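Please put together the full structure from these sequences, using the hints given.
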Amino acid sequence: MTQTADPAAPHRDAIPSLRAKDYKSDIKPVWCPGCGHFGVLAALTKTLAYLDIAPEQAAVVSGIGCSSRLPAYLSGYGFHGVHGRALPVASGLKAARPDLTVIAAGGDGDGFSIGGNHFLHACRRNQDLTYIVMDNEVYGMTKGQASPTTPPDWAKSKLTPHGTGMPRFKPAAIALAAGAGFVARGFAGDPNGLTELLAAAIQHPGFAFVHVLSPCRTYRPEQQDWKTEVHPCVLGPAHDIAHAAELLQRDDGLALGILYEQRFPVYADGVSADAAGRLADIEAELCR
Amino acid sequence: MSEDQADVIESLGEFIAHALELEHASEAHYTQLADSMAVHHNAAVETLFRQLAELSTAHAAAIAARVGDTELPRIPPWGFKWECPGAPESSDCLEGDVSYRMTTLQAIEVALHNERRGHAYYLHVADTATDADARALAAEMAAEEAEHVAMLESLLAGQTDADQAPTPDDLDPPHMPG
Chain A
0 MTQTADPAAP
10 HRDAIPSLRA
20 KDYKSDIKPV
30 WCPGCGHFGV
40 LAALTKTLAY
50 LDIAPEQAAV
60 VSGIGCSSRL
70 PAYLSGYGFH
80 GVHGRALPVA
90 SGLKAARPDL
100 TVIAAGGDGD
110 GFSIGGNHFL
120 HACRRNQDLT
130 YIVMDNEVYG
140 MTKGQASPTT
150 PPDWAKSKLT
160 PHGTGMPRFK
170 PAAIALAAGA
180 GFVARGFAGD
190 PNGLTELLAA
200 AIQHPGFAFV
210 HVLSPCRTYR
220 PEQQDWKTEV
230 HPCVLGPAHD
240 IAHAAELLQR
250 DDGLALGILY
260 EQRFPVYADG
270 VSADAAGRLA
280 DIEAELCR
Chain B
0 MSEDQADVIE
10 SLGEFIAHAL
20 ELEHASEAHY
30 TQLADSMAVH
40 HNAAVETLFR
50 QLAELSTAHA
60 AAIAARVGDT
70 ELPRIPPWGF
80 KWECPGAPES
90 SDCLEGDVSY
100 RMTTLQAIEV
110 ALHNERRGHA
120 YYLHVADTAT
130 DADARALAAE
140 MAAEEAEHVA
150 MLESLLAGQT
160 DADQAPTPDD
170 LDPPHMPG
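From first to last, the protein sequence lines are chains A and B.
Just so you know, we're using numbering that gives the first Met the number 0 here: the first sequence kicks off at 0 and counts up by one.
Just so you know, we're using numbering that gives the first Met the number 0 here: the second sequence kicks off at 0 and counts up by one.
These are calculated hints, taken from the structure and not from any lab test.
Watch out, some of these pointers could steer you wrong.
According to the in silico footprint, chain B covers these stretches of chain A (three or more CB under 8 Å from chain B) [as the list claims (entries may be wrong)]:
#1 24-37
#2 189-196
Stretch-level coverage of chain B by chain A, calculated; a stretch enters the list once three of its residues show a Cβ under 8 Å from a Cβ in chain A [unchecked claim]:
#3 37-51
#4 97-103
#5 117-128
Below are the DMTMM-like pairs computed for lysine to aspartate or glutamate, each with C-alpha atoms no more than 20 Å apart in a straight line [claimed, not checked]:
#6 A:K226 - B:E82
#7 A:K169 - A:D152
#8 A:K169 - A:E55
#9 A:K20 - B:E53
#10 A:K20 - B:E45
#11 A:K27 - B:E53
#12 A:K27 - B:E45
#13 A:K226 - B:E53
#14 A:K142 - A:D152
All of these numbers come straight from a predicted model, not from anything done at the bench.
Here a beta-carbon is modelled for each residue, glycine too, at the ideal position from N, C-alpha and C.
Structure follows, in structure tokens:
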């Protein structure tokens, strides 16, 4: 777990030295007004402020897509990487700098299609990372094509005029099956609830997956209805795999909260010092 | 304790913490909307949201100046005593009415909705807080919010036909199917 101040500790002054806005950069988001990603940006900055994680102690790594522009809008370290490769870059960064709070972020196309294989192995590798996927069930940046989480009968793209006809990718169930120890679902329209989930995810020791329903105002306007359709996950969180599997079998995809939490050994725990030593040897070799 | 009692503000420090959160969230929300309008070349609406952000900034500074020796509780973002998912003046993160092509009239209506919620929140605290100092400060804040509401109502009433500008041109339209 990344070191942060204890939020429960007595705190005389509630005017913190850093507020959410201090984690935002001067770059103006190009997202459409009303886009769900604004809620995720708000929730993430509130989380970092609440956990007292200094901007220079966090790094946000993304792939490509509307949501993957997130690092540009933050004042801390960021890496806007290659399509689908947020997790490999984040994994490398965490291995090299285990002291940093490393957060990978992106969209459903980036994370579950081209990046799908990395997602599976990040779940089972269990490095101490947080992965936020802003799911709007569409490729927005390329103007509205079906993604892995698009319903099979969504026929509003010229590429799939009769829908994809394929079952949807089920992120939470697949994360569970791949070995993730923390699986949660939030909603961009509930930034404070999402903040609670992100705080728990960052504090979870190991890989934490937060699936965020983040409506696309432009290409999926019907997703505005999520405001009235989402509901708390009353059966969760599950703490054993059998209960989690049962919970996810009944899941309608709109239940919010921590769905599953279980602690597993964190990758690289106990070997960091050795790894750092080997890295120094490599650097010395390269510098000769 | 009933749910209603759980929502009651119990000290001046607790109220100030809530008011600061409300005003900072409001500032962030209006700034975000203004930035969005700037990116999408909707200068008229950007100006309005920028002015509202400045009002919230000033309000937050005024509240911060009142802290003095008051001990403030540390409240997690999800622990504030209001019903809405965000803060009262900025709770609708997914406004269906917000668009980069919105007119000034539509923007005033969105802002008026938010400011009325802020005003209602302060009035609620002024009526229900168990601490007299919190009630008094909340009443002050409600009066100031009432001024914001009145200003927006006046703006709304002053909108003429000439102000009902057509939807701004879309310089980068989405490539919609169909």
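Status of the hints after comparison with the structure:
1. With 9 residues bearing a CB less than 8 Å from a CB of chain B, the region 24-37 of chain A meets the requirement of three and the coverage assertion stands.
2. Given a C-beta distance limit of less than 8 Å, the hint that chain B covers the region 189-196 of chain A holds, as 6 residues qualify and 3 suffice.
3. Remark: the region 37-51 of chain B is confirmed as covered by chain A, as 3 of its residues place a Cβ nearer than 8 Å to a Cβ of that chain, reaching the required three.
4. With 4 residues carrying a beta carbon less than 8 Å from a beta carbon of chain A, the region 97-103 of chain B meets the three-residue requirement, and the given coverage holds.
5. Against chain A, the region 117-128 of chain B contributes 0 residues with a C-beta closer than 8 Å to a partner C-beta. That does not satisfy the three-residue criterion, and the hint is violated.
6. For the given pair, A:K226 sits about 15 Å from B:E82 by alpha-carbon distance, which is consistent with the 20 Å threshold.
7. Straight-line distance between C-alpha atoms of A:K169 and A:D152 comes to about 16 Å, which keeps the hinted pair within the 20 Å bound.
8. For a cut-off of 20 Å, the pair hint linking A:K169 to A:E55 is broken: about 34 Å separates their Cα positions.
9. For the suggested pair A:K20 and B:E53, the alpha carbons sit about 14 Å apart, so the restraint of at most 20 Å is met.
10. With a CA separation close to 19 Å, the supplied pair A:K20 and B:E45 stays within the 20 Å bound.
11. Proposed proximity of A:K27 and B:E53 is supported: the alpha carbons are some 17 Å apart, at most 20 Å.
12. The suggested pairing of A:K27 with B:E45 holds, with an alpha-carbon distance near 13 Å, which does not exceed 20 Å.
13. The suggested pairing of A:K226 with B:E53 is violated, with an alpha-carbon distance near 29 Å, which exceeds 20 Å.
14. Using a Cα cut-off of 20 Å, the hinted pair A:K142 and A:D152 holds, with the two alpha carbons roughly 18 Å apart.
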